[in-house]
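What follows is each chain in one-letter form.
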Amino acid sequence: MSERRIPVDLLVIGAGPAGLAAAISARESGVESIVVLEREDFQGGILRQCIHNGFGLHRFKVELTGPEYAQRDIDRARELELDIRTGVTVLDVTPDKVVTAISRDRGLEEFQAKAVVLAMGCRERPRGALAIPGTRCAGIYSAGTAQRFVNLEGYMPGRRVVILGSGDIGLIMARRMTLQGAKVLACVELMPYSSGLNRNIVQCLQDYDIPLLLSHTVTNIRGRERLEGVTVSRVDDSRRPIPGTEREFDCDTLLLSVGLIPENELSLSAGVKLSPATSGAEVDNTLQTSVPGIFACGNVLHVHDLVDHVSNESAVAGRAAAAYIKGKAWQGTIIPVRDGEGVRGSVPQRINLPDAAVDFSVNLMFRPAQVYRNHYVVVRADDRPLSVRKSMILTPGEMAVVPMSAELLEKCRGAKSVTVEIREDKPEAV
Amino acid sequence: MYDIIVIGAGVVGSAIAEHLSRYEGRFAVLERADDVAEGSSKANSGIVHAGYDAKPGTDKARLNTKGAQMMKQLCARLGVPYGQPGAMVLAFSEADRATIEKLYEQSLENGVEGCRVIEGAEALKMEPNLNPDVVCALHVPSSGLVSPYELTHALANSAAANGVEFRLETEVERIEPTETGWALHTNRGVYECRAFVNCAGVFGAKLHNQISDRKLNIIARRGQYYLLDHETPLRFSMTMFQVPTRMGKGVLISPTTHGNLLVGPTAEDIPDPLDTTTTSEGLADALAKARLTYPGLSVRSVITTFAGIRAHEEGGDFVIGAVPGAKDGAFEAIGIESPGLSAAPAIGEEMGTWAAYSLQLKRKADFVPYGPMPKSFSHMSNRERQEAYERDHEYGRIVCRCEMVTEAEIRRAIREPVGARNIDGVKRRTRAGMGRCQGGFCSPRVVQILCEELGMKPEEVTKFGGASRLLVGKLNEMQPEDK
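Chains A and B, in that order, are what the protein sequence lines are.
Mapping of the first sequence onto the working numbering: position 139 corresponds to residue 139, and the numbering continues sequentially without gaps.
Mapping of the second sequence onto the working numbering: position 415 corresponds to residue 415, and the numbering continues sequentially without gaps.
Simulated from the structure, these hints should not be mistaken for lab results.
Fair warning: this is a prediction, and the values are worked out from it, not measured in the lab.
Glycine residues also receive a C-beta, built at the ideal position from the N, C-alpha and C atoms.
Keep in mind that the hints are not guaranteed to be accurate.
Short derived list, chain A residues pointing at chain B, Cβ under 10 Å [to be verified]:
id : residue
1  : Lys97
2  : Leu108
3  : Arg123
4  : Cys137
Chain A on its own, in the form it takes in the complex (with noise of 0.2 Å):
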């Protein structure tokens, strides 16, 4: 180990789509000294092995698949010659930005930083943490796994597959797998809704009738050395599984698609604080989290459907801690921003107000906490309603976002807190 440690203005922690549009708006927004932190041997994160299409229309108004989106940010970023390091696992990082890193290039690594942007993804939950009875045999992987070894290794996982959860990852395997030849017999869901998104119900299950069985769990698994089967019950409104429901599918894959949880290991290292709801960093409206100067952005801070938020985001990200190394940050008057009925894990969680005119805009994004039809999303100053959005289907697969003008904040001034909401009637916007 170097004895002293390297200096940089802005380190980045990963290189997938969050990390790398976090450098390149720090970039641009003439930050020269930035260090990227990739622990994989290549750039572009999970996109690498998401080769569907269906990535970048509303960024760039073109489908891409996840390897050409990817190399969208790679390619800008090699125009702007971001020094961004792969093979690099980040170990440590300090309240006070020390950050300790090593690689099999360069051995062990210590880097002072003005300001570090969190950016290291998310990971899939896995079967352990559900408790689902029965052996432990092989043939179990998360979604995420299976559509590495096949995308990225080349190596079918099984023939014959079940999946337990709906969420995105879920439902494009489903698709992957019957294209390679697999068959898939069924995409079971526990809750009465999918967490996936519909376009992805439509064009990976529907299409290949694959059916959909909400309201449902494995609540079995057998075979001692290769899966053989599972079981699956029908659940109650309590989620507890019904007596007497019992199917049995003969298969030797389950694939689980359970859930996203943002890996925070490092954040907590730094003495970042969580929130419960979303199991990411709480920020301000410029993503800084709890401590100054370092930053959270993309599915660490919390978990998207869409690679096109994740960008935007982590652009904010960057762009404020480039405002943060050059002493242009304000401290004004905080805000909480609160979840209102039906809202879960609102993000940001605070408005840092200036004390000056508002000259940027926020998005809030968050969760629907349930399926809602012909409803309206409502932002709060106190009790004064500020913007109201009727919205046909909000649904917990999709998340929900509310653009928040320079002019909306303005109008939040003198407020205690502001309210996220959803609600059936319809209130006067003032």
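Could you slot chain B onto chain A? The hints should help.
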């Protein structure tokens, strides 16, 4: 012709083999599974019991106390994770108080030092997350923790490094006396030896009854567990027992040597000794009982559930020594349920010495103790990490991010004398895949490393041997599923 063959490569068989490797002679260990520590030794509570619990005068009591005293030094020599956080046995009613006092008396009789009965308030002061209804407790400061499979691997490596042959996937089906000793009939042919030690765990009675006139009955007793994620600080610093029942020591909550929290086990007698299935009833039972100790227990931080099997002999004591009614050279160490792990170092020394003495084997002049196993990367200081990297650059590549396991450690685990052959073997030797993502990220890379080290194809890699293959074939070469 072998001098001595050990049947079964659990912690007991491996401890005996390790002791035998100090003698001149030809030794082998025959194991039905494709790795060591694949039976009871891989899935138990990992407690080094101080010795207050066993009935005074039994082999259990004697070997428990002796083994627990040996354990710390043995683990230091082999580089096996060991800790001594202490334990409490908890009483939640005045009726239980009598049991606590009896256990205290037993601790004195069994020669366990430092135990005392404490009142509920003091127990709560030491463990604030404890159920406030606790009436009193036996505090056992010498209660320890060990990683049971890591201990077994280290013992097996030491034995193998000193010449003991390990024959995996070799199941002894029949034992017959011969003119010169014994013939062990296996699925891979006949092994002849002058003496053998039966350490076949749940299958021990089946072999015993073939050659002994004193029949035994070993019951497979299943225990289901929850493993919780690391947390700093842990909710309990000590092992929390409830008062023991006829079925065993009850449901405990305990830290592990790796900073997780373990909850379990249940106690269910089952007909199939290989049935490590978890059940919704069993898991619910473990949870409900554990909540008596820790009402705040949440399943949110559960990273996995599993079940292990204990070999319970109806007589209630270990069955140790020469096989009664059989000719010379037949030894056994079976019915080794709790506190078998704690007793294993003592059983290894005692049975190894007996078997070697029976053949008048001489001590080796050139015995080189194997180990200690190097410190794991995750436990190293940054200076140690850099030094490790300078020795071997593969320390610079983190494969398992959850448990911070490097490529160097995975390769070493495959290359060691009784090395990993599959995903679970790597997991138990290195902890890669043991963390909160349960191998989601690292398993593709572990498959690659296994292939590189062992010259396998990815589709040949298994989770734990046999038909437990991970992959069914290359893309576009797979036969389509029947329409």
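Restraint satisfaction for Arg123(A) [CB to CB of chain B, less than 10 Å]
holds (5 Å)
Hinted contact Lys97(A) with chain B - closest CB pair below 10 Å
violated (17 Å)
Given Leu108(A) as an interface hint, is its Cβ closer than 10 Å to any Cβ of chain B?
Hint on Leu108(A): holds, closest Cβ of chain B at ~4 Å, below 10 Å.
Interface hint status, Cys137(A) versus chain B (Cβ within 10 Å)
Holds - the Cβ of Cys137(A) comes within 10 Å of chain B, reaching about 6 Å at its closest.
Going down the numbered hints, you'll see the structure goes against just number 1.
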